[in-house]
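A.B. asks: Since each chain comes alone in its own frame, lean on the hints to assemble the complex.
Residue numbers (the working numbering), protein chains in the order written: chain B, 1 to 288; chain Z, 1 to 385.
Calculated directly from the structure, the hints in this document are not laboratory data. All values derive from a computational prediction rather than experimental measurement. Among the hints, erroneous ones may be present.
One-sided excerpt, in silico: chain B residues whose CB lies under 10 Å from chain Z [stated by the list, open to error]: (1) Asp37; (2) Ala40; (3) Val41; (4) Pro53; (5) Leu56; (6) Gln65; (7) Lys79; (8) Lys85; (9) Asn87; (10) Ala111; (11) Glu114.
Think of the CB as a built atom: it goes at the ideal place given N, C-alpha and C, for glycine as much as any other residue.
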Amino acid sequence: MGYEINEEKVFNSGHAACPGCSEALALRFILNTLGKDAIAVVPPSCIAIISGPQPLSSMSIPVYQTTLEASAASAAGIKRALISKGNNHTNVVAIAGDGGTYDIGFQALSAAAERNEDIIYICLDNEGYMNTGTQKSSATPSMAFTTSTPAGKLSPKKNVPEIMVAHNIPYMATATTGYPDDLARKVKRAMEIKGGLRFINILTPCLAGWGIPDSAGPKTSRLAVQSGMYPLYEVENGESYTLNYGPNGLSVADYVTTQKRYRHLLAEDIELIQAEVDHSWERLQKKF
Amino acid sequence: MKADSNRLLLSGNHAVSHAVKLVKPNVMPVYPITPQTPILELITEFHAAGEMTGEIMTMESEHSAMAAAITASLTGVRVFTATASQGLLLMHEMLHYAAGARAPIVMFNVNRTLGSPWGFWPDQTDSLAQRDTGWIQYYCENGQESHDTTLQAFRVAEQILLPTMVIHEAFYVSHSMEAVEIATQDQVDAYLPEFNPPHRLDPQIGESWGNTVSQIMFQNHRRDMGDAMERVLDVAKKADQELEELVGRGYGIHEQYRCEGAEFIIVTMGSMTGTARDAVDELRSEGLPVGLLKIKLFRPFPVADVREILSGIPKLMVLDRNYAPGTGGILYQELKAALYGLEGAPEIHGYLAGVGGTNISPANIKEMVHSAMGEKPVAHSVWKG
Numbered sequence: 001m002g003y004e005i006n007e008e009k010v011f012n013s014g015h016a017a018c019p020g021c022s023e024a025l026a027l028r029f030i031l032n033t034l035g036k037d038a039i040a041v042v043p044p045s046c047i048a049i050i051s052g053p054q055p056l057s058s059m060s061i062p063v064y065q066t067t068l069e070a071s072a073a074s075a076a077g078i079k080r081a082l083i084s085k086g087n088n089h090t091n092v093v094a095i096a097g098d099g100g101t102y103d104i105g106f107q108a109l110s111a112a113a114e115r116n117e118d119i120i121y122i123c124l125d126n127e128g129y130m131n132t133g134t135q136k137s138s139a140t141p142s143m144a145f146t147t148s149t150p151a152g153k154l155s156p157k158k159n160v161p162e163i164m165v166a167h168n169i170p171y172m173a174t175a176t177t178g179y180p181d182d183l184a185r186k187v188k189r190a191m192e193i194k195g196g197l198r199f200i201n202i203l204t205p206c207l208a209g210w211g212i213p214d215s216a217g218p219k220t221s222r223l224a225v226q227s228g229m230y231p232l233y234e235v236e237n238g239e240s241y242t243l244n245y246g247p248n249g250l251s252v253a254d255y256v257t258t259q260k261r262y263r264h265l266l267a268e269d270i271e272l273i274q275a276e277v278d279h280s281w282e283r284l285q286k287k288f
Numbered sequence: 001m002k003a004d005s006n007r008l009l010l011s012g013n014h015a016v017s018h019a020v021k022l023v024k025p026n027v028m029p030v031y032p033i034t035p036q037t038p039i040l041e042l043i044t045e046f047h048a049a050g051e052m053t054g055e056i057m058t059m060e061s062e063h064s065a066m067a068a069a070i071t072a073s074l075t076g077v078r079v080f081t082a083t084a085s086q087g088l089l090l091m092h093e094m095l096h097y098a099a100g101a102r103a104p105i106v107m108f109n110v111n112r113t114l115g116s117p118w119g120f121w122p123d124q125t126d127s128l129a130q131r132d133t134g135w136i137q138y139y140c141e142n143g144q145e146s147h148d149t150t151l152q153a154f155r156v157a158e159q160i161l162l163p164t165m166v167i168h169e170a171f172y173v174s175h176s177m178e179a180v181e182i183a184t185q186d187q188v189d190a191y192l193p194e195f196n197p198p199h200r201l202d203p204q205i206g207e208s209w210g211n212t213v214s215q216i217m218f219q220n221h222r223r224d225m226g227d228a229m230e231r232v233l234d235v236a237k238k239a240d241q242e243l244e245e246l247v248g249r250g251y252g253i254h255e256q257y258r259c260e261g262a263e264f265i266i267v268t269m270g271s272m273t274g275t276a277r278d279a280v281d282e283l284r285s286e287g288l289p290v291g292l293l294k295i296k297l298f299r300p301f302p303v304a305d306v307r308e309i310l311s312g313i314p315k316l317m318v319l320d321r322n323y324a325p326g327t328g329g330i331l332y333q334e335l336k337a338a339l340y341g342l343e344g345a346p347e348i349h350g351y352l353a354g355v356g357g358t359n360i361s362p363a364n365i366k367e368m369v370h371s372a373m374g375e376k377p378v379a380h381s382v383w384k385g
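So here's chain Z without its partners, still in its complex pose (with noise of 0.2 Å):
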């Protein structure tokens, strides 16, 4: 390791903190919950140590967490909080308020399984389940991913005025340690300019939000939140891009891996990403034409980007850690939504494969590939283990 490394081995959680320390929120109300807890405790940790200035809130419920994030987020300051699982649903209605207040808070989810009945185990379900909330959502597969996305989310969510969440999965990414490259001071004051909104709750201005509004008015703001949604592709990709001649890294929106004159395309979002490229190199051993679509921008999913990719594209399998009763993979479904109509259209498997955090290894995903491969899909998603 050279002298002037900025590299730690760090649990992907604590690479969140270190990100939220170079980005220096004024408010971070905060609440415990298994998995999420490492991220708030080191930022407290920081904080005591006078490492991090602003205000921490410890608040009584993920749901106060929130409100408080809101009305800061309003007030013209910058603001962090981190939650997973029932945390989230507490929040749920904030979630809402939140995007329909237009505050850009950044918030880190870290998935886990919901009750009931109990478990503590990697599933995407929680924050799947706020698709529809008008918050942007990032998912991530390691530790340094997360750290420079949560830069990132950031520099989106103040620009384009809409919350943010970047998340990852329990344990097989929040507590796993792994060398994490951490930005510098530096880097990250050049990237991240300061937050200042013209409209905030001041009484030198004198704005109100909230009040009831007429039909029309409330429509409205929802088209100029769908508006905001679609510019956040563009905005995401430059966000991404400036990152990466800052730091060297850089992952896109989302991610082709081997896709050169592939015939069939796993897609994946999150840890099962990493897997899954160990499955495509082996197949691609055996000279199978296999590649991976990853999708990291999950909201606004990116539409044209996706019909673009995989125009032309025999057969796609998707896997999905999460689960809709009744509808089943909830990344199969966007998915099937994006490609609806679209000349040459793949067909598309739709596995439930890691559901409850079950682990898939790459043997489990090259079976499913050499199964795919010589079935016909069916209309909904099946069960691999």
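Next up, chain B with everything else stripped away, as it sits in the complex (with noise of 0.2 Å):
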């Protein structure tokens, strides 16, 4: 895309995320393409784990630490209160995860996408919740492992980027880790649309969760676009779409083959998966 990152240091190296966790790489882009003019809310995710314990931060702004379902709410206060004071330039920026997104955040922000909330909203989507030790959570996706769908999940993967564009907010994009200069522009791009909810879904693959190598989390970010599974692109206005990057002539079976949480599936398992795949890309595809 040729976008350069640039980084201002604002994520900071003795963080405690695992080693070639997906979540530091993906908070080292948002962050540092934010810059120190921002303020974080937080709620219970792997996330705050990375940010760090009292008195301990791993990021060079001030980071709120919610409860599991208010994020969106939270950051609206942050941002309300400052616009009562004429702060019209501090961007206040949400970071959860699916659990606290797809989950038990969402009541809170959808409702701040319709009141048009004039904040950032980052999800990043691993898939599950795996702070508490890999639980299935609405962004997990057909037939995964998990410790409470041990036979693997009966449902689809709730399409939340879809679900924000209905809501005609002003950005919508997904990105991942493996594609980090897409991230860094979208996070950029979400920085220079003022004035309305910009909402980031970021996949980002847990070692632990999805059961891969502590050095495949780039690769198996890419694998997820490249098989279809999670196509990169953005939505501006809730009709503008862009896409990124797209399914590129690997199947499903070179993605989930990788990841020990789908190691329990046959082959007719994973014909279903990719006929799921094919046909959200077919409906996705209209509307670019």
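C.D. replies: Next comes the structure, spelled out in structure tokens:
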């Protein structure tokens, strides 16, 4: 995409993420793009752990740790207080996991989108409650193993990116850590479009939860895009769709066979997921 | 009526809205619920008419209203919200969070029965069930008191850095029209200093809030909250006195009514106080040495004051318009605990009176006094109408 990542040191080394963690990588590009004139809201999640225990912090900006369901409301409260003091420049960003976004935090997020609160909301989506030891969330994809779906999840992943688009928010993008320039550019774009809720869903492969080697985060992220499981695109004002990276000939089998959470799948199971992915891609393609 | 009078015929709820207008909160996250809604409606009307500035946030739930109230407060601005009943319960998690964050939010709660089953009636169980959340709690008996106490609440909350709940009951107070003397803007500006806390969410300062802490850090934080609660007693008395100097109306943090020479004291909280006052007048005219103690500041509970006032009084009768199944009336429990071990402590009759909003008349109260006078109290709450 030709975007040059411009990093201001906001996210620091010495944080508590697992070695090779995709979320730490995502946080680096998010926070270092946002810069120091920002306040972050973080609910319980691996992000909170990475942020650091009192009195330490891996982030050189104020971080407010809120409750699991309240990220969007908490971020909106900060933004409105800043506006009431005449501060229209400080970016307020909520950074939550998929449990805190797709499940328990969705009501507050949808409402903040409806009010078009002037905040950036970023979901670090690792497709499950990984901080509590890999339980199913509504972001967990079909048939994936979690400790609360030991035989595999029986329903597909909730399509929160499209639900957010349906709120007609000024900006919605999907991103993932295997495409850091694209990810950082989207954060920058979100910052440029002020005056409403901007949402970015970032797929962050979880090494422990997905059962992949420490070094496999970025590679798995790229496979998700290339297999069509997770296309990268952005939408402005609920209608202007742009495709950034889509499937390039790889199959679902190429993606799932590298992850232990899918190791119970039979060939026909993989075919079912492939059919689901093909159908979703067909529907999405019509929008570009 | 004098031409320059600031006296208006207002419902209890609208008396609160007028107070909020005068304190000029920066952020007001709101969510409707009967019987609180008229508070927010008048605020949004003032706002739409340009008589109030600040940010109104029309939230999708009370939980989010309190979540936004906390962060707005921690960003260093004055915050108000209001709720009732189920809404207060939905906020419960965030009430603890607010107190832990030392966010000096002022919230008005209109007492209403809790489901299930549904009801819309005055009953103090909703707010009394929040007594352990770390919020300061004031109970008011009429619109004038709610107006004045709302002003005091901002003063106390922002000085102590603890959230403060001001409370009156559904309909008996919230929707009853009475003449209310509205404070003037000059009076309120003189009374309330600007809120400009040194610790706040601000990139220029860089401080964070909420990260995980060690066991001892947690314990120390709780102890600090306890110390702050203890300071409330004096700060609240002073806030009341100083408002009285400006507007000519004071309440104390509790009120003794005709307690001189009393051998029997009725203890109440909220709207039942007015009824009990009438009953006391009638009993006194019958020659019975009966007085009344109204608890206004319930959290922190004024233990030392209560022990001093009630020492040597032979009998108390506590009226609870609330009910905690398994233990009974909550004010009754609090009083028993406060008086434990006191030399010359009174016998205490705990009566559940008006639970679910049933009407308690002065005649009912007189009847209860007469029967209590002739009986030994039992060790638990007794149902009375």
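A.B. asks: All hints, please: hold or fail.
C.D. replies: Now the hints, each set against the structure:
Given hint, aspartate 37(B) at the interface with chain Z, holds; its Cβ is 5 Å from that chain's nearest Cβ, closer than 10 Å. Against a cut-off of 10 Å between C-beta atoms, the interface hint on alanine 40(B) holds, since the closest Cβ of chain Z lies about 9 Å away. With its C-beta approaching chain Z no nearer than about 7 Å, valine 41(B) sits inside the 10 Å limit, and its interface hint holds. Residue-level restraint check for proline 53(B) holds (minimum Cβ-Cβ distance to chain Z is 5 Å; threshold 10 Å).
Of the supplied interface hints, the one on leucine 56(B) holds, with its beta-carbon coming within about 8 Å of a beta-carbon of chain Z, less than 10 Å. Interface hint status for glutamine 65(B): upheld, as the beta-carbon distance to the closest one in chain Z is roughly 3 Å, under 10 Å. At about 9 Å, the closest approach between the beta carbon of lysine 79(B) and any beta carbon in chain Z falls short of 10 Å, and the interface hint on this residue holds. Look at lysine 85(B): its Cβ gets to within about 6 Å of chain Z, closer than 10 Å, so that hint holds up.
With its C-beta approaching chain Z no nearer than about 9 Å, asparagine 87(B) sits inside the 10 Å limit, and its interface hint holds. For alanine 111(B), the shortest C-beta to C-beta distance to chain Z is roughly 3 Å, which falls under 10 Å, so the interface hint holds. Because the smallest distance between the Cβ of glutamate 114(B) and any Cβ of chain Z comes to about 8 Å, under 10 Å, the interface hint for this residue holds.
No hint from the list above goes unmet by this structure.
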